[in-house]
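Since the structure of chain A is provided, determine the placement of chain B on it from the hints.
Same order as they appear, the protein sequences are chains A and B. My numbering puts the first sequence at residues 95 to 408. My numbering puts the second sequence at residues 9 to 282.
Note that these hints are calculated values from the structure, not bench results. One thing to keep in mind: the hints can contain errors.
[Said to hold, decoys possible] Here are some of the chain B residues that sit facing chain A, going by a computed Cβ distance under 10 angstroms:
hint, residue
1, S128
2, A139
3, L142
4, E267
No experiment lies behind these values; they were computed from the predicted model shown. For glycine and all other residues, C-beta sits at the position ideal for the given N, C-alpha and C.
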Amino acid sequence: MDDRTKTCTWNDFCEHLASFAVDEDFILVAQEMDIDLGPLKNLPEEKVFLSSVSDPNMILNAAGLALNGKKPWIVGVSSKILSRSYSEIRESLALPSLSVRIAVPDGGLSCGEEGASRIMTEDITLMRAMPNMSVAVPSDRNSVKGIADAARRLEGPVYIRLGQTPLSQLNDDPDGDFSFGGARLLREGTSVTVCTCGIMGHQALKAADILDQQGIDIEILDFYSLKPFPEQALLASVRRTGCCVAAEEHSCIGGLCSATAECLSTTYPVPVRFVAIDDQFVHSGTPDELREYFGLTWKEIVNAAAQAWALRRR
Amino acid sequence: MEITRINELEQIASEVRKDIVRMVGVARSGPLEFPLLISDVLVYLYWEEMLLLAHTPKRNDRDRFILGTEDGVPALYSILARRGYYGREELWNYRRLGAMLQALPDFRRTPGIDAPCVTSGTELAIAAPLAQSLGMDGLHTRVFCLLEDKDCGCEDFFLEAARCTKENIKNIIVIAVYKQTAGSQSNDQQLKCRDRLSAYGWKVLEMDGSDFASMEEVFGRLNNDGAEPAIIFTSIKNGKGLSFAESDHVRTKKGMSIEAMDRALEELEGKSNG
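Okay, chain A solo, but in the shape it has when bound:
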């Protein structure tokens, strides 16, 4: 695909979210000068709640608005929202199950230049482990729209991880059905199930071409909903392939890899291989450099799929 047609999920999200302003209960909660809001900057004044510079206060502000029936969308930097305000999210949003959505523009390694303190590779772990919280990771424009629409309808708190890396469309189905607890089939295959989320779906499609030449026909699933986790979609695929690879731009602890292993180990044990960041902080660098350095490319997926395929029972 032509690079000019690629878009980053954060920009797609801002564009789509702006169309929600017609909802009576819609309100955007943000801090001044925090992130580039794109088209959201043009929202009517009464649809934007500018919070003070305190990150915990921003979360509590959204809770206050939700108590009066509003459906706030919080946008902000992941390291500030999730780590500085974890207990506020837990106590004021998740515990009372208020319908507040949190969207972050800097998920994964997409803001790699900012360094370890800013890059959260454990954000999905934190949000997945929190009761009542739903978690989604879109991977292209269609999934951004579908997930935002699903979050708009959902009761209870939602965490949506977005990124700044330009991405192409994973498939050409603009009306695809997206719902929390669902997964999307990106490629049919019979040899290995490859579970992906976010940017790793794109890498898996590249890996599929190489693996085809080796006689390994992989099936690729995009797990855009990490919580609720679509167990049936995973099991249906693994029952046919007999082995699995999980690939995510996240720590190997607590994200898609863990969810996959938790599901398979208790229900249908098969050989599983992970492509994820080891238990370590990342360095600063360009996103592509970092993905190469931490082993989050199609090459690692090829290796992992070949290993899983070799280990499966005949």
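Chain B only, in chain A's frame:
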């Protein structure tokens, strides 16, 4: 306020205090000192000041009450039961598995609870946008937020207080409670807090949280003006003269024995009768 009404309110507050002692005693855990301190203030708010109907607890034009400290929860539970939101028998299951009255209010399960009680951050950050949002919906409801005065000194509190005046939020009343011990004066932190809030444009008032006439006078002044957000520094006599309120199990929140509970109830009974 007529003396007969004051007597009635004092009688209700006395019964509320007995309920607090019973529920914390039966649960064998839970805070006791702070609920006893704030029971008069809550009685005044729920019987004299706030606009509410217990049989329609979700009515949109009701006044809201937000408790900013987990230590005050038993008092709020007891008040809501007395006010008819649920039966008093619920109090005796406080903190039990599956009970409606959990250690922290379950916002979705307990009638009369207007907001979750958070243990971190400033509750003003929940109360202020709620008040702002109600105002934008054209409702003339007020949001009352009760805090301990020590929670009014943090920077997050001041950031939110500044935002209140910037956004012209008028329908918020913060009640900052502090314990008045013999010969004590407002401490430095509280004086700085008062100055800073005055500078932001808040109305800063002082009342005696053990004296219903004082509360009526202060809220009367507020209702006549109501042009800016208000904070009422509320001094309350430590223990209200009750000897058990000074005991170790009260201060350390370790729960009280049945014997200690009986002694406390006897003392409260004696005080209310005489």
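To see whether the hints hold, each was checked on the structure:
1. S128: Check passed: Cβ of S128(B) comes within 4 angstroms of chain A, closer than 10 angstroms.
2. A139: Hint on A139(B): holds, closest Cβ of chain A at ~8 angstroms, below 10 angstroms.
3. L142: holds, 6 angstroms
4. E267: This interface hint is violated because 36 angstroms lies over the 10 angstroms limit.
Hint compliance for this structure: hint 4 is the single one not met.
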